[in-house]
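*Asks:* Protein chains in written order, with my numbering: chain A, 1 to 307; chain B, 308 to 641; chain C, 642 to 807; chain D, 808 to 1088.
Since the hints were derived computationally from the structure, they do not count as laboratory data. Hints may contain errors.
[What the hints assert, rightly or not] List of simulated lysine-lysine pairs, DSSO-like, C-alpha gap at most 30 Å:
1) Lys878/D - Lys1071/D
2) Lys191/A - Lys654/C
3) Lys516/B - Lys998/D
4) Lys58/A - Lys518/B
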Amino acid sequence: MIQTIDISSYSVITDAIRSEARRILSDSTVSAVIGYTAGRRKGSTQPIVITTADEADKLLFSAACLNDLVVYLTKAKKDVPKSGRIGIVVKGCDLKAVIGLLGESQLKRENLYLIGIPCSGVLGSLLKPSAELTTKTIASKCCECTDRLPVGCDFVPAVTPAPLPDLEKRYANEISQLEAMTPSERWEFWKEQFSKCIKCYACRQVCPFCFCEQCLCDRNRPQMVEQTPRPSGNTAWHLVRAMHLAGRCAGCGECERVCPMDIPLNLLNRKMAKELKELFNSEAGFEVRDTGPLTSYREDDDQSFIR
Amino acid sequence: MQKQITEANLRLLIDSLLLKGQRVVGPRQSGTMVLYEPLASASDLVTDELPRRSIKEAFFPVCEDLLEYRKEGQQIELKDIDPARFPETVLFGVRPCDAAAVPVLDAVFSWDYKDQFFLARRAKTTIIGLACTTADDACFCTAVGLSPNDPKGSDLLLTPLVGGGFLVESQSEKGLSFLEAWKDRFSEPDDTKPLPLAQPAATPFDLKKIKAWLDDHFEDPAWDSIATRCVGCGACAFVCPACHCFDIVDEGSEKAGKRRKFWDACGFSKFTNHASGHNPRDLQPKRYRNRIMHKFKYYDDKFGQTLCTGCGRCIRVCPVGIDIAGVLEEIEKK
Amino acid sequence: MHSAKPRHDFEPKIIAFVCTWCTYAGADLAGTSRMQYPSNVRVLKFPCTGRIDPVFIIKAFQQGADGILVSGCHPGDCHYIAGNYHARRRFAAFRKLLEFIGVDLNRIQFSWVSAAEGGKWVEVVTDLTERVRAMGPMVEFKDLILEEQWSGGLNNPELQAVYEAM
Amino acid sequence: MCDSNKNIYLPYLATVEEVIDETPDVRTLRLVFQDEQVRESFNFRAGQFAEYSAFGAGESTFCIASSPTRKGYIECCFRAVGRVTESLRRLEVGDTMGVRGPYGNSFPIEQFYGKNLLFVTGGIALPPLRTLIWNCLDLRDKFGDITIVYGARTEADLVYKRELKEWEERSDVKLVKTVDPGGNGPEWDGKVGFVPTVLDELAPAADNCIALVCGPPIMIKFTLPVLEKLGFGDEAIYTTLENRMKCGLGKCGRCNVGNVYVCKDGPVFTAKQVKAMPLEY
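So that you can see chain A by itself, here it is in the shape it has in the complex (with noise of 0.2 Å):
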């Protein structure tokens, strides 16, 4: 039965966004801010930079607001600025995103002016950005999602979320479906899925921990991974970044969202997020870690799989 969620809350949200960026511009505490504002269309959001404090009131937050912001504030974008201390609205998935950066001291946090939303959910593509938002159009990561209130930041507005219904667990059912399968069934399924994509790399280009000077699959000395979006190379290319994502993603599924294909990439990485979190008893949360899973070794590591 499909239920509209309540996200009344997002307005009195929008003008504390307003006020405070109005204020941290102005006393320059900040030098920008990188917010969410709205496009042509109807409901429509894009990111934004805006560095003066008049401009305070094109940002706005609603349940069209998905991108993961943080992206910006990584290396792989080098044309935002980054002098000063930048203000950046966050959702408590992006922040888990800020937290993973600050562990690998890829951000300083004292560079940082992190700008809070208790969510209720936001919506799960932007293909008809003036949906309504309900427990049909909401976003997979905000069913599962336990962090709506971000903790560690430098201003939240002071408003709580309304309760979500309950939703259906669907990375967990779907991952849960895909382990009861046979082997060569779940290759039929990702094989199907890899053949479509089309090497656009919007997965890449979209992921905060995706910074690299000089991506693995873009070299050719030696050349790991074909370039050519053949079933073939698409596979090696989503598994390489499923491993290079494993114990580092913060499960905003920006990846999932903005693959033109509707291929289901958040699985992946949903999947090892849940073996390392059985194997290692380690998770992407609020608390920064400077050694990540697979960066760190106990000697009690579990080695029955070796002879």
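Chains B, C and D: place on chain A using the hints.
*Replies:* Leaving out everything else, chains B, C and D in the frame of chain A:
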């Protein structure tokens, strides 16, 4: 020549084409989206949604082999691709914004050197267009001089009629010969009224004025405010019916392998990266500027046409919500 | 001198990623002590198991490997102190990913073989070769190489002729 | 020579006839086409380029370094910087490689008849002008005096050392070779200094003279003002642009500077054309 065909006869026509071993490509449900794909049977045809990728793929594939090489000792033997092996194809249900882009691409692919990979497929393909009765707020074909029932590029144009069935208008020789070959499926047009066409909510752009601004605003701070948010992926270029840039790479070993041509996009940083590391377009706004310039100025300078048909796909798939219609509006106001 | 090798219809291609300090030396010991083991294994020498990147394993499968062996120093013996500990975690995670996309994990074997364990090396290689031989060729990745997107597909004349003849 | 149903991406096969190491990392290959018919029909003009295939690695773009007046072979000169050039470097005499071309426009040599010619170039940028130099020397009487100003970082970086000697010995050519400060060995007989400064000292007369400039962007940036100071008009200065290319024949949309396609409208441009282009090269 005008004819009429009922929904049932159209499906029968598709099935008989398939039985003849003809490849029929049309919009088909593929998982959670609609894509132009080869149809297994007429029931696959979906006519109520704009496919996620454009029809350029039927002429300019995502990835195709250019040649095959094999090395014996110091000698190399090259195997060419025989254009006769491009499959004869009939495209059903092609949207006017897709069909209109194909003749635009003819210009670049036959500029001095004839790219047989595009032109041979073009010659072996019949395009049957389908007028649009629904549009969403991303469509802006009327803003770039096209319309929901624009015959440009289609060999036959189907216009949905009230109560099902389609009015068929032939637009080219190929369309006429197709009607001739299958005349028993078609009937004479009675005067049933066509369904109301879609009205995209976009006011027409003055493309000349936009081009004039682009002519002398290569260096302009506006590009930064427009394109700083662009993250440099290729989604907009790959779903676009008019973008035609590609890359060529060898795949295989030194002993044997293939040379392949596949889609590329000017949004990528490595698109113009020199071996010395120098990159003329090092920052993202410069790359997005090239996209707008190529579509609305360079292609006009070279071939007198606009490399955009207003399908709105790039607006729908852009990860950061860059809206090309919004950008054009902003430029037009300047 | 060595017994006549039994003829098999399927000879699996096994790729062994080994660390040069322990397992490679162990394999060398097996050779110098005239131990017999199947020749299906191709050995790739790495400075440490920590240097073995999962993308190498994917590449090996793409190039036609039917079985993969990754072997290095026992925990604590690593010449670089912690290379094998990191590898242990990395491959524990990578196994789960491969399993999730449908690769049969019996095709991949991880082992610790020290420089003195020539016998264990022979044992590991022989077991893996027999196991993979029983499972048959690794078809998933081999078929994948031939897959195309629909638009790039070409008619092959022989198939077309057969079709018309029907 | 592009009949309609030919695969325009199919290269001609050519055998490596001779390998010359110009500097430790720059090599010249002399190629002979294997197909008799191609050997006869392949004619090009000075300034055109070709796509050279190292099968298994890909294709690379270099100018055709030999002169159109020398029949039966073509030469290319490259530095081993990437996957394709490394693979080309591994070729020995007798190996096969692919050549696709000739592409692009060329130097309007007919307009240079009766004029003096000033060649200004540096490092590995000599090959694009060398084809023109030899072309003019083979029709020597059609031109006024020919001056060549050629510089490199060090003595070892000078390319075509044999031919530099030849040009020095010829009476109808004035060669001024230079190395960057500190790059000269003990018995270095040429000048010492950057090319623009050496050109400034030389101060060749500008009237009835065409300047042909080719070199790294930094050299061009400092050479053009010197030429303007000496009185060379924008129409009288020719240069070639190097952009990343893939197809070489105007399809893959990669080499454009503004609306100019370097592979179709170039690579040879006058300084006037280059100044009209947006700063995107």
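*Asks:* Of all the hints numbered above, which does this structure not satisfy? Sort the numbers upward.
*Replies:* Those not satisfied come down to hint 3.
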